[in-house]
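Enquirer: Chain residues, written in single-letter form:
Protein chains: 2
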Amino acid sequence: MTDVESGSALAPKWDAAGLVTGVVTDASSGELLMVAHLNEEALRLTLATGEAHFWSRSRGSLWRKGETSGNTLRVVEVRIDCDQDALWLRVAAAGPACHTGARSCFYRRLTPGGELEMIGELGEDGAV
Amino acid sequence: MTDVESGSALAPKWDAAGLVTGVVTDASSGELLMVAHLNEEALRLTLATGEAHFWSRSRGSLWRKGETSGNTLRVVEVRIDCDQDALWLRVAAAGPACHTGARSCFYRRLTPGGELEMIGELGEDGAV
Numbered sequence: 488m489t490d491v492e493s494g495s496a497l498a499p500k501w502d503a504a505g506l507v508t509g510v511v512t513d514a515s516s517g518e519l520l521m522v523a524h525l526n527e528e529a530l531r532l533t534l535a536t537g538e539a540h541f542w543s544r545s546r547g548s549l550w551r552k553g554e555t556s557g558n559t560l561r562v563v564e565v566r567i568d569c570d571q572d573a574l575w576l577r578v579a580a581a582g583p584a585c586h587t588g589a590r591s592c593f594y595r596r597l598t599p600g601g602e603l604e605m606i607g608e609l610g611e612d613g614a615v
Numbered sequence: 488m489t490d491v492e493s494g495s496a497l498a499p500k501w502d503a504a505g506l507v508t509g510v511v512t513d514a515s516s517g518e519l520l521m522v523a524h525l526n527e528e529a530l531r532l533t534l535a536t537g538e539a540h541f542w543s544r545s546r547g548s549l550w551r552k553g554e555t556s557g558n559t560l561r562v563v564e565v566r567i568d569c570d571q572d573a574l575w576l577r578v579a580a581a582g583p584a585c586h587t588g589a590r591s592c593f594y595r596r597l598t599p600g601g602e603l604e605m606i607g608e609l610g611e612d613g614a615v
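Protein sequence lines, in the order shown, are assigned to chains A and Y.
All residue numbers for the first sequence refer to the numbering used here, where the first residue is 488 and numbers rise by one.
All residue numbers for the second sequence refer to the numbering used here, where the first residue is 488 and numbers rise by one.
Rather than coming from a laboratory, the hints here were simulated on the basis of the structure.
Hints are supplied without guarantee of correctness; some may be wrong.
Said to hold, decoys possible - Restraint-style ranges between C-beta atoms, simulated for each label pair:
hint: 1; chain 1: Y; residue 1: 607; chain 2: A; residue 2: 555; range: 31 to 41 Å
hint: 2; chain 1: A; residue 1: 527; chain 2: Y; residue 2: 545; range: 13 to 23 Å
hint: 3; chain 1: A; residue 1: 496; chain 2: Y; residue 2: 489; range: 38 to 48 Å
hint: 4; chain 1: A; residue 1: 505; chain 2: Y; residue 2: 501; range: 16 to 26 Å
hint: 5; chain 1: Y; residue 1: 598; chain 2: A; residue 2: 579; range: 13 to 23 Å
hint: 6; chain 1: A; residue 1: 505; chain 2: Y; residue 2: 564; range: 24 to 34 Å
hint: 7; chain 1: Y; residue 1: 489; chain 2: A; residue 2: 490; range: 37 to 47 Å
hint: 8; chain 1: A; residue 1: 518; chain 2: Y; residue 2: 528; range: 27 to 37 Å
hint: 9; chain 1: Y; residue 1: 535; chain 2: A; residue 2: 604; range: 11 to 21 Å
Said to hold, decoys possible - Which chain A residues stay away from chain Y? Per the calculated CB distances, all over 12 Å, these:
hint: 10; residue: 528
hint: 11; residue: 538
hint: 12; residue: 547
hint: 13; residue: 548
hint: 14; residue: 549
hint: 15; residue: 553
hint: 16; residue: 555
hint: 17; residue: 557
Note that the Cβ used here is the ideal one computed from N, Cα and C, for glycine as well.
Bound-form chain A, shown alone:
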């Protein structure tokens, strides 16, 4: 194993756009809530404030999750993977994590026929 894999030094492997993948799960239920990206500043702010920050690739700007919706994510623990190009944020969510109003962004499953099928009801009540 390399030092990056076994060592205690944080050395994120930023991609060409300066990003790593961020996987967000509910710290209580373990449910996968969302996937987003972090640049160095988003990681710094996440660690400094305890609130999840990301880099929005579509808007090209730093983003504190919930800054407009109020649905913030309080970070309980951050883990990193073997080659340090993905972060796992275990969080306590103040509300639905998805901008659609769903509790999780992953509210559809693929069927054997290759279509998408809704899991539960999608709505503002976070039923999904």
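Chain A is fixed; fit chain Y onto it per the hints.
Expert: For chain Y alone, kept in the frame of chain A given last:
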């Protein structure tokens, strides 16, 4: 909401490299095992065979997880996120998911001091 977000048509939003993010969790325990990437062919083969396939960005080649190690991932369910640029693979793992021998690639947490701390022991026995 857009059709991509609410519809039943599978329309992955491939990035500039033709990839979407794949988040892999243990279907029983819910544990996050690994993060990898899928191109269109990897997704097709994953759905057709029920075994997780990825695109290796470092090797630049298609990859059936476990093809050399034997540590395959049988896919129990595939979900997709709101904007269809991330897949969630819920799997039954035949062995450690990480090439280091750890059960999960996420065997280190970030400490308040900004260092990495091992969770459990890292070893071939998949203790982590």
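Enquirer: Kindly indicate which numbered hints from before are broken by the structure, ordering the numbers from low to high.
Expert: none
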